[in-house]
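Student: Sequence:
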Amino acid sequence: MRIALLQMTSSDDPVENSATLREMLRAAKGAGAEMALTPEVTNCVSMDRAHQHRVLAPQEDDQLLHMVQAESQALGLWVLLGSLAVKSDPPEQRFANRSLMISPEGAVTATYDKMHMFDVQVSEAETYRESSGYAPGDRAVTTQALGATFGLTICYDLRFAYLYRALAQAGAQILTVPSAFSPGTGPAHWQPLLQARAIETGCFVLAPSQCGTHPAQSGKSRQTYGHSMVIAPWGEVLLDAGTDPGVHCVDLDLAKVEDARRKVPALTHDRTFKGPDA
Numbered sequence: 003m004r005i006a007l008l009q010m011t012s013s014d015d016p017v018e019n020s021a022t023l024r025e026m027l028r029a030a031k032g033a034g035a036e037m038a039l040t041p042e043v044t045n046c047v048s049m050d051r052a053h054q055h056r057v058l059a060p061q062e063d064d065q066l067l068h069m070v071q072a073e074s075q076a077l078g079l080w081v082l083l084g085s086l087a088v089k090s091d092p093p094e095q096r097f098a099n100r101s102l103m104i105s106p107e108g109a110v111t112a113t114y115d116k117m118h119m120f121d122v123q124v125s126e127a128e129t130y131r132e133s134s135g136y137a138p139g140d141r142a143v144t145t146q147a148l149g150a151t152f153g154l155t156i157c158y159d160l161r162f163a164y165l166y167r168a169l170a171q172a173g174a175q176i177l178t179v180p181s182a183f184s185p186g187t188g189p190a191h192w193q194p195l196l197q198a199r200a201i202e203t204g205c206f207v208l209a210p211s212q213c214g215t216h217p218a219q220s221g222k223s224r225q226t227y228g229h230s231m232v233i234a235p236w237g238e239v240l241l242d243a244g245t246d247p248g249v250h251c252v253d254l255d256l257a258k259v260e261d262a263r264r265k266v267p268a269l270t271h272d273r274t275f276k277g278p279d280a
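My numbering puts the first residue of the sequence shown at 3, with every later residue one more than the last.
Please keep in mind that the hints were generated in silico from the structure rather than gathered at the bench.
A couple of the hints might just be wrong.
[Unchecked claim] Label-pair restraints from in silico Cβ distances:
1) 146 <-> 72: 16 to 24 Å
2) 29 <-> 271: 29 to 37 Å
3) 56 <-> 273: 36 to 44 Å
4) 244 <-> 56: 15 to 23 Å
5) 194 <-> 60: 35 to 43 Å
6) 274 <-> 248: 24 to 32 Å
All C-beta atoms, glycine included, are put in the ideal place defined by N, C-alpha and C.
Let's have the full structure, built from the sequences with the hints guiding it.
Tutor: See the structure below:
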């Protein structure tokens, strides 16, 4: 299975991002990829809620999604849109941060809404309140593609190990972690967390990421860490994409999932226990 991770520097202009993504999808197919994976908020990286309300749309009207569906069909390519920021159904006023799997027929075969909201103060200069603009999902999702079972997650989910264990125990062999990771936490936490999730579950972990300084019409730009990664089930780093945008291909051998779980069958060793205050 050859997959391509697309590392992007999305702006807050969905039309501009759509044009960039179209060329990257074509490059991925030209490199022999059977699936391309994009980062979190592929369609719009913005800290300006008013701007988001002006440029974002419900899923069924999202023009970047429509482009990807057409390109997937034209290229015969699976695409995981790592996430789109989309308007939710009324009366919910917040957006959804939604991952979508697109088949080579251009159909949306699965969606997952990010469950864990990034409400943190990394430093005095770097504060995020994702829950003020995004409604959390409440459902874990696995889906089939290319003869494998994928478990879908997004960015801050990475810190919640129980989600990944549940996905693996539900059959996931490949875990996806599309991200727009903070440069404040990335150097210390990004790679160790990805490796931990792979080792704990015996899964491949695919983590396409946003990178660099993101242009913003409002003037309030955001920075992201980059370093899209592919981690093998035994914990080896198969890809580190660095800090620049680009298309990066990796070949996956699903036999490595079976081998890692045979050596350390930890997914079958759960025990019930009393809490510390019991």
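Student: Taking the CB of residue 146 and the CB of residue 72, does the distance hold inside 16 to 24 Å?
Tutor: holds (22 Å)
Student: Lying within 35 to 43 Å: is that true of the beta-carbon distance residue 194 to residue 60?
Tutor: holds (37 Å)
Student: Looking only at beta-carbon atoms, does the pair residue 56, residue 273 fall within the given range of 36 to 44 Å?
Tutor: This hint is violated: roughly 52 Å between Cβ atoms.
Student: Take the C-beta atom of residue 29 and the C-beta atom of residue 271, compute their distance, and say whether it sits inside 29 to 37 Å.
Tutor: violated (43 Å)
Student: Evaluate the given range 24 to 32 Å for the C-beta pair formed by residue 274 and residue 248.
Tutor: Because 46 Å falls outside the window, the suggested range is violated.
Student: Within 15 to 23 Å: is that where the Cβ-Cβ distance between residue 244 and residue 56 falls?
Tutor: violated (33 Å)
Violated hints for the displayed structure, listed by number in ascending order: 2, 3, 4, 6.
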